[in-house]
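Undergrad: Next come the chains, spelled out residue by residue.
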Amino acid sequence: MIPVADLDFVAALCRARAGLRVDPEKGYLVESRVAPVARREGFASPEAFIAAVRADGDARLAWSLVEAMVLPETEFFRDRQVFDALARDVLPALARARAGQPVRVWSAACGAGQEIYSLAMLVAEDPTLAGQVELFASDLSERSLEKAQAGLFSQFEVQRGLPARTLVRHFEKAGESFALSPRIRQMVRWRRVNLMDDLARFGQFDVLICRNLLTQLAPEAQAAVVGRLKRALAPGGRLVLGLREEAGGELTPMGGGLGLFALPGDAVRTAA
Amino acid sequence: MKTCLVVDDSRVIRKVSRRILEDLGFEVAEAADGVEAMAWCSAVMPDVVLLDWVMPAMDGMEFLKRLRAEPGGQRPKVVFCSGETDLARIREALEAGADEYIMKPFDGGIVAGKLASLGLAA
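Protein sequence lines correspond, in order, to chains R and G.
Sequential numbering of the first sequence, starting at 1, is according to this note's numbering.
Sequential numbering of the second sequence, starting at 1, is according to this note's numbering.
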């Protein structure tokens, strides 16, 4: 069992580094999330791993502890209607407004890439959008980014949300795994970004996707992240949150209960 | 209540599928091969067929072709549920008229997702 002082340490570390809300009362949750990382790093137990991070302050180990506490669950086309709305309505409207300039989309907590790849497949299949949309994706976790860039998914992963017709169109079998086609993978540019940092250097985006992260954050971090995302949105841009997440402030819900919010303004964007 | 015909020569798979589908609110019937499944469909067309590929008597592909040629046989959604994971074979199943494809092993979440994507919430 992880000592209370160590659970408090994990909660404080996650909150300070990534704004994550970790309940020190839920020791079992910490234990189950940390156990695989502890094993990978060669520690006999989650307790030993946390104690080592606490004792010697190794920056890499500390980050792997923080990353372990992020809930990575996602799937292809999660909440399918959101992706349909983006491909059918939001992106075409923005492409018209941008009049020849590419529409810039950023998936800001991309995990293993299922969501941004879902959008990439829809864009690739729509001749009116192909070549009009630039896709960026970031995550806090280096490991998630490596998996996303590899574009290799398990049989279980490709059966969650991915229609069989889309599977056969865009994937090849690679041993026991399924490899996304290079054409789709090359549509996305990747970067490690901590949303607790200043995002101004990345320029402005027409669509920012950050689904189901806010609910994992401490209240003050939620407000700070929404503020940064809003500042990274071009006038007239769209923020896409999880179905039950709220943006607040000057972002207006677009209706339909899809977690889509609009920033007022005309299509004017500053470059990175 | 929507009906689902589970066609599989494995009693275990039929039992697991039945439990998943009943939890999703479907009325479930079972057939052990394509011949039994055709007899069932001749009497009453189900809303959806969960269909194994390799079976004795009549395999899933043959059943699918015969079903689609029957009066009213275009109506049921057909979801292949097979251990075959080769993409060329999955493409073949879709081109033959299957609406979706599940690779074994599967769980309730996968079945629920595939059926929902076909508009088949029970």
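Wrong hints could be hidden among the right ones.
Stretches of chain R that chain G covers, calculated by requiring three or more beta carbons in the stretch to come under 8 Å of a beta carbon on chain G [said to hold, decoys possible]:
{"#": "1", "region": "143-151"}
{"#": "2", "region": "165-176"}
Far from chain R by the CB rule (all over 12 Å, computed), these chain G residues [unchecked claim]:
{"#": "3", "residue": "T3"}
{"#": "4", "residue": "D9"}
{"#": "5", "residue": "R11"}
{"#": "6", "residue": "A32"}
{"#": "7", "residue": "D59"}
{"#": "8", "residue": "M61"}
{"#": "9", "residue": "A69"}
{"#": "10", "residue": "P71"}
{"#": "11", "residue": "Q74"}
{"#": "12", "residue": "Y101"}
{"#": "13", "residue": "K104"}
Note that these hints are calculated values from the structure, not bench results.
All residues carry an ideal CB built from backbone N, CA and C; glycine is no exception.
Undergrad: All hints are to be evaluated individually against the structure, with a verdict given for each.
TA: Going through the hints against the structure:
Counting residues of the region 143-151 of chain R whose C-beta lies closer than 8 Å to any C-beta of chain G gives 0; at least three are required, and the coverage claim is violated. Interface restraint, the region 165-176 of chain R with chain G: holds (6 residues with C-beta to C-beta distance below 8 Å; minimum three). The claim that T3(G) is not at the interface with chain R holds, since no C-beta of that chain comes within 12 Å of its own (minimum 22 Å). Every CB of chain R is more than 12 Å from the CB of D9(G) (nearest about 22 Å), matching its label as outside the interface.
Consistency note on R11(G): stated as away from chain R, and its beta-carbon is indeed over 12 Å from all of that chain's, at 23 Å minimum. No Cβ of chain R comes within 12 Å of the Cβ of A32(G); the nearest lies about 25 Å off, and the non-interface call holds. The claim that D59(G) is not at the interface with chain R holds, since no C-beta of that chain comes within 12 Å of its own (minimum 19 Å). The beta carbon of M61(G) sits about 15 Å from the closest Cβ of chain R, which is more than 12 Å, so the claim that it is off the interface holds.
The beta carbon of A69(G) is kept farther than 12 Å from every beta carbon of chain R, the shortest such distance being approximately 22 Å. Its beta-carbon lying about 27 Å from the closest one in chain R, P71(G) satisfies the requirement of being farther than 12 Å from that chain. At roughly 18 Å, the least C-beta separation between Q74(G) and chain R is larger than 12 Å, which holds for a residue marked as non-interface. Consistency note on Y101(G): stated as away from chain R, yet its beta-carbon is not over 12 Å from all of that chain's, at 4 Å minimum.
Chain R draws K104(G) into its interface by the beta-carbon criterion, the shortest separation being 9 Å against a cut-off of 12 Å.
Comparing the model with each numbered hint stated earlier shows that hints 1, 12, 13 do not hold.
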